[in-house]
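**Student:** One-letter residues, chain by chain:
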Amino acid sequence: MSAAKRKPTKGTLATLWPYIRQMRPHLGWVLAGSLLGLVTLLASIGLLTLSGWFISATALAGVSLAATQSFNYFTPGAGVRGFAILRTVGRYLERITTHEATFRLIARLRSWLYRHIEPLGPAELSKQGSAQLLSRLVGDIQALDNLYLRVLSPSLIALLVVVLVTLFLALYSSAVAWVALTGLVLAGLLLPWLGYRLGAGAGAEQIVSQAGLRQQLLTLIQGLADLRIYGGMGRALQRSAEADEAMLATQNRMATISALTAALMLLVSGTTLVAVLWVGLDEVAADRLQPVQLALVLFCVLAAFEAVSPLPLAWQYLGKTRTAAERLNQVIETEPAIRYGEREQAEQPGRIEFHAVSFAYTAEQPALDRLELQVAAGEKLLLAGHSGSGKSSLLNLLSRFWDPQSGQILLGGQPIAAYSEQGLRRQFSVVSQPVQLFAGSVRDNLQLGRADAGDDEMRDLLERLGLLDELGEAGLDYPIGEAGGRLSGGQRKRLALARALLRDAPILLLDEPTEGLDGASAQRAIDTLLRYRPQQTVILISHHLQALERFDRVVLLDRGRILEQGSPQQLLAQGESRLGQLLELH
Amino acid sequence: MAGNTAARAESPIRQRAKWLKQQSRRERRWLAVAIGSGLVSAFALVLQARQIADVVADRVMGEGAGAPYLLPLVLLLGAVLLRALLAFSREWAGQRASVGVRRRLRAELLAKLARLGPGYCQQQRAGELSTLLLEQVEALDGFVARYLPQQALAVGLPLVILLFVLPQNWATALIFLITAPLVPLFMALVGIRAAEANRRNFQALAKLSAYFLDVIQGLPTLRLFQRSRGEAQVIAQVSEEFRLRTMQVLRIAFLSSAVLEFFASVSIAVVAVYLGFSFLHELDFGYWQDPVTLAQALFLLILAPEFYQPLRELGTHYHARQEAVAAAERLMALLDEVEPRAVDGKRDLPPGAPELCFDAVTLTYPGRAKPVLDRLSFSVAPGQLVALIGPSGAGKSSLMNLLLGFHPLQQGEIRVAGIALEQLDPTRWLEAVAWVSQQTTLFPGTLRDNLLLARPDASDEQLLEACRQAHVMEFVERLPQGLETRVAEAGAGLSGGQIQRIALARAFLKDAPVLLLDEPTANLDRDSELMVLAALERLCVGRTVLMLTHRPASMRRADQVWRLQQGRVVALDPQQRAQLLQQARQIGVQEEQA
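Chains A and B are the protein sequences, given in the same order.
162 is the number that numbering that gives the first Met the number 0 gives to position 163 of the first sequence; each next residue is one higher, with no gaps.
240 is the number that numbering that gives the first Met the number 0 gives to position 241 of the second sequence; each next residue is one higher, with no gaps.
One or more of the hints may lead you astray.
Take a look, some chain B residues computed to stay more than 10 Å from chain A by CB distance [to be verified]:
#1 Gln14
#2 Phe42
#3 Gln47
#4 Val54
#5 Ala78
#6 Leu212
#7 Asp213
#8 Ser256
A few chain B residues that face chain A, going by a derived Cβ cut-off under 8 Å, partial list only [what the hints assert, rightly or not]:
#9 Lys111
#10 Phe224
#11 Cys539
#12 Val540
No lab work stands behind these hints, which were simulated from the structure alone.
In this text, all values refer to a predicted model and were calculated from it rather than measured experimentally.
By construction, the Cβ of each residue, glycine as well, lies at the ideal position given by its N, Cα and C atoms.
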């Protein structure tokens, strides 16, 4: 929104340049597409022009018998047929080629953008990690897909057509050529510019008003219970209707602009035609143009407007494309805030220390408050606490998705910042909350954990987690759908757990790995994860205390600090312990 | 499953298309204006063609040398002006129709959501519902504004042109008719094959975007597994595969539009050659009485490309239809949701704090074997505070929704002051309830507006008193505009504790005999929690209170504590309670020390 409101600091070309530059490797396809578009348009113009001349000439020749007999009708006849075929074939090849070029460009644009986005942490991508921001990002990338197909290629073709048509007309009459050029430039330059200028403002307003409506709708949906109990439903519905009206009004403006440019296009092309006719008649009268050529120049001008007519609409939406590019440029120009060191290996793998670590996502709410925690290599630690107690922040800090404001984290005896990114990642295997799976088969997702994991090992692990039977006959080939949509919540958790267990890392971090599992499955899961790699340090974050006795140590976190800790035996022995009961209530 | 869907795919698509047309019919007047403008414009085009043809023919044949041609040129300009005006009105009327359809549909969907109520909305993701009401409704735009008028014009415009061509020359009319054998057939060609091309193209792009979104959203996981670097390669690869597969289809699918292009080009060529050869006396047919004149010939040639233009345009709008049909599926699904039966009880509550009584209430969610609430019975005596604890997912929220009437009661009975819930006037019942949930929504407007929601006729003193009781004044006084401060997006700028205190002030202001609390202190920091608890203590006096919680500190004042487990409630025995309260006190002491 702010990007749309802000006065543009860079020109449109400068904003779009990084994306246009990506065309270079596919310049062949890009140019071939435009060339074919040009050929098609010229064939189209040629077809009408030649036809116009042909019937005028034959009509004139038909008057006298001698002229009729000497008239060579084979060449123009063949020309007309040739242009017709050329136009058909040209159009087909043009569509194939431009789509080829577009898909190639998209592939390149995406991987190029991805390379810029990849090093950014969640902190830079979105402060709240909201999925909506990410879909907007993808939407912005999509908006650039058609830059070549809709704007660049037609503009280039139109430019060339205008030049060629003007030169062609100048062969017959320079006066007619000047008139036609004026009309084509008005239609091909002024109207697109008008569409762009008017459209940019309306387009930006459209984005703002749409965000306003979304806000109203979200508030209404989320606050439905409050509205029912406290009243005010009528007003809330009315507010939504008003926001809708505001958005539709901006759309009306946008539509009025396109209606206006469409009307102006017809007006300009029609007036140009009249002017060409007027000037042409004069030229004929002054004997500078043969009468039979009058039809030729007229049909040529008539057909030439096909090249410029799609431009205003394309340029009207360029404002939106530009806004998308501006937002993407912001992401691309963001420097990753987290710097990695050089260290590749840990001296004491599996050891973790937090010294007086304080951390807050926002200034108002501290997540960790001078936390002190040491975890020995191979220790199995249960980290418990309410939601908001800072458990998940620990995981974010260890992954270096965020850095603490103060204090020190040591990993394997070394400051965590000393590790290279690969060196750091090698230390951990993680089950995050919520788990993220990818469209593809179960095997594809498991191989993310370890690329060379064998089918037997995978099956064995799934069997131990009780997941294999649930996959049915497809087994490892079972397609899990977008983001694992074809699996239940509990199945997703277990698949993510299996994926993490396949990875051979000194430390296993798990955030609520048993959420959504029934009692028996949860027991199996905890059993498996504690036994699979006996040497591994395990930190399990949870807000319930299942299988508490299986851990070496239990730490209760509350409001960013350790409230209580000890071996489960100790804690269970103290019947009075607050810990057990406090958490049992959950 | 996929095969099954494909087999049934045909008829639902037709259903959706039918539904879309029904929606559009309500704006048929604007659509008629759009179509009418297009048709009248065709007449202007004919007029334009006639003037040009006459003037040029006249001059070429050398008959009217030196004539000023003033009238034809003025007529020509008039036709151009008319076409421009009609182009504007066509575009504009299409947009009006589209705006009208979307405005109505969105209002209808909102009303539907309001009728479905909070019980339904809580089960859905708010983000998805808002997308449905926003983007999916917007997806109808292209369909109504452009596709529908163009669909009519693709038939109408060629007919108008034919109307003028036929009296001039039957051979040309025949060429048009043969090359466009039957307009409906061409429609089918454009509709099915070119649509297929468009659909594939569109789908490929949508899939690519979905894949990209998947990767971007999964970026943290990919990084954790050291796979994020390689993914750039994979993205390029996947895009490449998509390109290969899509292009394979497109190469064939584009052939159909090439056929249209071919007929359009060839008919111009054939018309030109036919006319030329007629003039040279090589051909001698096609005219009615007199042989073809140059004026007629030029007229026919100008109209030839226009004959096919509407069909070509229809193809370019086809993806708008695809988009609309896809959106229709989800929109229809929402409109078809079964609404909870309207409760039309008439009875009013007696004054004073009532008794709340659950009697053998059973609730089973569709598709689940195990009931969430299983013959649940308990009661809250008038003026009592009962705390209900239990693991998440135990059905606490469902219980609350039943009590509020947001969920229909399946089995058993809920009585308020001895009156069965369905006999109560629902409006009156909700007037007797104040509620504070864990996620209070603040509505756009000022803080005062938000508070007065509870009691629009409250005096300033009453308002300020409620604010004092709920510890709202503490932070409102520090705001430069006090109660007139505008609440920005979803209460942005206020902390969770502050929003909860506003919710409490609302409840104070409403002064209702029944108070329902759903984790009122969840997600609050320590200071806020203590403040909210202190305010709650005052609020509970003299009311029947049911509180869902799992924070011991919130339970301190409860007259009874019940645990909800496996669909039943169990009272905590005195010892358990003592322990719990003891522990709550300890925490309280510790908190106060800290």
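**Student:** Looking back at the numbered hints, which does the structure fail to meet, lowest number first?
**Tutor:** Violated hints (numbers, rising): 3, 4, 5, 6, 7, 8, 9, 11, 12; every other hint is consistent with the structure.
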